[in-house]
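Trainee: Sequence:
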Amino acid sequence: MVQDFSKNDPFGNAIIDFEKNRTPKIIRVSSDLCDDDELPIEYLFRTFDGMPAVEKKALELCEGNILDAGAGAGAHLKILREKGFSIFALDV
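Residue 105 in the numbering used here is what sits at position 71 of the sequence shown, and the numbering runs on without skipping anything.
Be a bit skeptical, because a hint or two may be false.
Unchecked claim - In silico DSSO-like links for lysine-lysine, alpha-carbon gap of 30 Å or less:
1) K91 x K117
2) K90 x K59
3) K41 x K90
4) K91 x K112
5) K41 x K54
6) K91 x K59
7) K59 x K41
Rather than coming from a laboratory, the hints here were simulated on the basis of the structure.
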């Protein structure tokens, strides 16, 4: 039996919806572990120019084979692939 986890994956559903419709939405995150936060879905699809300096620096320092754990929509994956890196990305 295959279990449908889509109801428990708000980020995944938001990513799929944005890919299909390009409708800007806000993801609201509530947790007992950190402060509540709001994240525009477009942020998950940002380009290199739209990234903060620390993120750009981290991408510039990459070398070798890369594992992107927590890849989200794949913003880093896309940039690193364009630079010719061998990269494996996953998000749980």
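Trainee: For every hint, state whether the structure bears it out.
Mentor: Results of checking the hints against the structure:
As the CA atoms of K91 and K117 are separated by approximately 14 Å, the hinted pair is consistent with the 30 Å bound. Annotation: proposed proximity of K90 to K59 holds, straight-line Cα distance about 25 Å (limit 30 Å). Distance check on the hinted pair: K41 and K90 sit about 33 Å apart at the alpha-carbon level, beyond 30 Å; violated. For the suggested pair K91 and K112, the alpha carbons sit about 16 Å apart, so the restraint of at most 30 Å is met.
Our distance criterion of 30 Å between C-alpha atoms is met by K41 and K54, whose separation comes to about 18 Å. In summary, the hint linking K91 to K59 is supported, as the alpha carbons are separated by about 28 Å, within the 30 Å threshold. Note on K59 and K41: the hinted pairing holds, with a Cα-Cα distance of about 17 Å set against a maximum of 30 Å.
In summary, the one numbered hint that this structure violates is 3.
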